[in-house]
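Peer 1: Taken in sequence, the protein lines are chains A and B.
So that you can map any letter, position 81 of the first sequence is 82 in this note's numbering, and since no number is skipped, the others follow by simple counting.
So that you can map any letter, position 153 of the second sequence is 134 in this note's numbering, and since no number is skipped, the others follow by simple counting.
Keep in mind that a hint or two might mislead.
[What the hints assert, rightly or not] With a straight-line cut-off of 25 Å between C-alpha atoms, the simulated PhoX-like cross-links for lysine-lysine are:
hint	chain 1	residue 1	chain 2	residue 2
1	A	Lys11	B	Lys53
2	A	Lys11	B	Lys46
3	A	Lys9	B	Lys53
4	A	Lys11	A	Lys113
5	A	Lys9	B	Lys124
6	B	Lys62	A	Lys113
7	B	Lys62	B	Lys36
8	B	Lys36	B	Lys124
9	B	Lys46	A	Lys164
10	A	Lys164	B	Lys62
Simulated from the structure, these hints should not be mistaken for lab results.
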Amino acid sequence: MAESNVVKTKRDNTIIFADNSGFAGANIYTVSLEPGDWNMTAALRARNNFLDRGSLVSSVRYGDDTALTGSFSAYFRDATDAGAATLFDLLNWSGYVGTNWVSTLGANAEVKAVDHRVTIEGSDHGDGADHSITIQDVSLDYSWADGDPVTVSVNWQSHTDYKPTLA
Amino acid sequence: MRIEAELDQVHPPWRQPVGGKGRIGIVGSAGIEDDARKARVKWLLQRRKHLYDGKDYDVVVTSYKGRDGRMKMVAHPVIPKNEHTPESISEAAKRSWLRPEERVYQASVPVIANTLRVSVERVERALIDAPEGANLLTWARRKLVEEDNGASSPAAPTPKGPRTRKVTVA
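Bound conformation, chain B alone (with noise of 0.2 Å):
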C-alpha cells in the first residue's frame, strides 16, 4: 500500500509493536518532535484506517497550541453528511479518475453536491477544470469557497490572528 510506503519513508519505526504486561500497540506518530513531520504521520494514519474499513474519507489535522505552549494535533476524517455511504463516496472517489470530460456528468457530482449543500450546477461548474486524479470533493469544495469569498464584499471581515490553526496536509 502506497500509504504503508510513505509511512515507512517519513517515520520508519511507525509500525513497530510498544508496550508489554497490559499494553499492546504500535509507534503510530509517538516520539517525532517536528510539528509538520508529525501532521504528516498522523494524516497518513488515519487515511490508511479508514481505507482499510473500506471508505474513502478526506482527512484534516487540526492543531492548537495550548497556554503550556505545547501543540495539540489530531487528525480526523471528512465524513459525508447523512444520506451518504461510505459505499457510495468511494463510487464517487473512483469515478474521480475519469476523463474530466467525462468526470462532471457522472454520479458523483450529485454525491458532492448534497455533501456541500450546493447545487449540481455549481458542482458541475466547479469541477469543470478539475485536474485529473483530483479529489473531486476536496476540488468542488476549494473552488466554491473561492467563488463564494469572491462575491462576498471587500467590506467583509477577515479573521484576525485565528485561535484555531488549521493544518491541511496535503
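Here chain A stands alone, though its shape is the one from the complex (with noise of 0.2 Å):
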C-alpha cells in the first residue's frame, strides 16, 4: 500500500497500556481526558565513527542501544479505585491495578511494567487500515500538579525497545 497522504492529528490518537494479557487481554486502559501531547524520544543506537588520526574514515559501527523514552499529560479525575484501573493506580501500581495486573517484566518483577500504544486512526481517513505504533516493557514515573485543571504529567520508558513496533 502507497503511503498515506493525510495529516494525522492529536484527534486521530488514542493512547493505550495493557498488563502482561497484551491488548487482547482483560486488563488495559485508556487514557481519556487529555490535551494530546504524547510525545516519544527514539535515540535509537550510538552511531560510532572511527578516525583514523582526526579523519573521518566513513567506518561507522553500531554502539550502545538507547531506550525509547517519552511523556505525556492527562487531567486528574480519580485517585484510587479497587473495583476498576485509573490511571493514578496504574502509575502508583495500586488499587484495582495493583491487585489485578501482572507487570510485562512478570509476575515477581520488582520494576512494574505495562506494554503501551499509540493508535492512530487511519481507516476513516482514506488509509488501508487504523495505525499503532507500540512499545514495550514500559515502567512509568510522573508529577502531579494543582490548578485548573489538576494535570499529571507522566513520563515513560522501555526496559526492551530501543525502536517501536509499527504495524
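Take the two lone chains, each set in its own frame, and fit them into one complex as the hints suggest.
Peer 2: Below, the structure written as C-alpha cells:
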C-alpha cells in the first residue's frame, strides 16, 4: 500500500496501556481526558565514528542501544479505585491495578511495567487501516500539579525497546 | 481473498478511491454510522493489512465514548512479544489447522507459552479441547483467563462500569 498522505492530528490518537495479558487481554487502560501531547524520543542506537588520526574514515558502527522514552499529560480525575483501573493507580501500581494487573516483566519482577501503545485513526481518513505504535515493557513515573485543571505529567521509559513496533 | 469478499458485503464502497488534489486513498471505514458495522470493517481492514505483510496477527477493536458523546474506535493488532517473529507466528497459525491430537505437540505450543508467559504444560492443557481451525493463541489465552478467574478468590473485586469498553469482533 502507498504511504498515506493524510496528515494526522491529536484527534486521531489514543493512548493505551496493557498488562502481561496483552492488548487483547482483560487488563487494558485507555487514557481519556488528556490534551493530546504524547511524545516519544527514539535515540535508537549510538552510531560510532572512528577516526584515522583525526579524519573520518566512513567506518561507522552501531554502539549502545538507547531505550525509548517519552511523556504525556492527562487531566487528573480519580485517585484510586478497587474495582476499576485508574491512571493514578496505574502510575502507583495500587488499587485495582495493584491487585489484578501483572507486570509485563513477570509477576515477581521488581519493576512494574506495562505495554504501551498509541493508536492512530486511519481507515476513516482513506488509509488502508488504522495505525499503531507499540512500546514494550514500559515503566512509568509522574508529577502531579494543582491548577485548572489538575494535571498529571507522565514519563515513560521502555526496558526492552530501542525502537517501537509499528503496525 | 475472503476478507475482501466480506468487506464487499459489509461495506461495499470500502475500496472506492477518494480524494482529489493532494489526497489519495480509499473509502475504508469512513461514513459508517452503526458502531458494530464500523468495528467489523475496521477489524477486517486491519487483518487485511497485516496479512498482506505476511503477518497473521490477531486484531482487537478498542472503543470508548468521549465526553462529547462520540464513540471513538480503533483497530489494532495483537503483536507477539520480543522473541517471536512474524514468520514464527504465521507458522504457528498454520499448525492450528492440524488435527487436535497432533496440534498440542507442534511447535506452536512453546510459541504461545512464550507469548503468554506461562508454562508449556498450561498451554497444552488449555489447547486440549481446542476446536478444529481455532486460532490457538486466542483459544489458549481465553482458556487461561477462565482458569485464572476460576482459581481466584470469590471476594476478588470485579470491575465496576469500566471506563474503557473493549469490543473484540470475532
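Peer 1: Indicate, hint by hint, whether the structure satisfies it.
Peer 2: Results for each hint:
1. Lys11/A to Lys53/B: 13 Å, holds
2. Lys11/A to Lys46/B: 16 Å, holds
3. Lys9/A to Lys53/B: 15 Å, holds
4. Lys11/A to Lys113/A: Violated, because 28 Å separates the two Cα atoms, which is more than 25 Å.
5. Lys9/A to Lys124/B: 38 Å, violated
6. Lys62/B to Lys113/A: 17 Å, holds
7. Lys62/B to Lys36/B: 14 Å, holds
8. Lys36/B to Lys124/B: 24 Å, holds
9. Lys46/B to Lys164/A: Measuring from Cα to Cα gives roughly 31 Å; hence the hint is violated.
10. Lys164/A to Lys62/B: 14 Å, holds
Consistency with the previously given hints fails for numbers 4, 5, 9, ordered from lowest to highest.
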